[in-house]
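Working from the sequences, and respecting the hints, build out all of it.
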Amino acid sequence: MKIITLMIAITATTIPTLANAEFYKVYVNREDRNLYIDTYSNLIIKTKFCYEYAYGDQAILIYDQYSYSNKLIFASGTKCDVEWISTII
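Going by mature numbering (1 follows the signal peptide of the UniProt record, and there is no 0), the letters in the sequence shown line up with residues -21 to -1, 1 to 68, in that order.
Among the clues, some could well be false.
Unchecked claim - Mimicking DMTMM-like on lysine to aspartate or glutamate, the simulated pairs with C-alpha atoms at most 20 Å apart in a straight line are: (1) 4 / 17; (2) 50 / 31; (3) 58 / 11; (4) 27 / 17; (5) 25 / 11; (6) 27 / 10; (7) 4 / 60; (8) 25 / 36; (9) 58 / 17; (10) 25 / 1.
Source of the hints: derived by calculation from the structure; they are not laboratory data. All values derive from a computational prediction rather than experimental measurement.
Now the structure itself:
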């Protein structure tokens, strides 16, 4: 019985995290190591250990402000962890 209760508690805490994540279509240029800029919205995307070269390539940004599992997914299928995002002022 304790195992079932624990499984329900784990499921209840992980589902809202996925439901709150936002999905954005971005067109990114690689500006520097682990630094990409969306050419459409001037959004700066800082990644971790990302070696994908992109020049206006379409990608999907999965982002939630308070999540540690943010991702940038390129058309090639490469997935990179996102540290933070910001806008160009």
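To see whether the hints hold, each was checked on the structure:
Among the hinted pairs, residue 4 with residue 17 is consistent with the structure: their alpha-carbon atoms are about 9 Å apart, no more than 20 Å. With a C-alpha separation of about 13 Å, the suggested pairing of residue 50 with residue 31 holds against the 20 Å cut-off. With a CA separation close to 17 Å, the supplied pair residue 58 and residue 11 stays within the 20 Å bound. For the hint linking residue 27 to residue 17, the alpha-carbon distance of about 17 Å falls within 20 Å, and the restraint holds.
Taking the CA atoms of residue 25 and residue 11, the gap is about 10 Å. The hint holds against a cut of 20 Å. Distance hint between residue 27 and residue 10 is fulfilled; the C-alpha atoms sit about 14 Å from each other, no more than 20 Å. This hinted pair checks out: residue 4 and residue 60 have alpha carbons roughly 16 Å apart, not beyond 20 Å. Note on residue 25 and residue 36: the hinted pairing holds, with a Cα-Cα distance of about 16 Å set against a maximum of 20 Å.
Taken as a hint, the residue 58 and residue 17 pair is honoured in the structure, with Cα atoms around 16 Å apart against an allowance of 20 Å. For the hint pairing residue 25 with residue 1, the CA-to-CA distance comes to about 17 Å; that is within 20 Å, so the pair holds.
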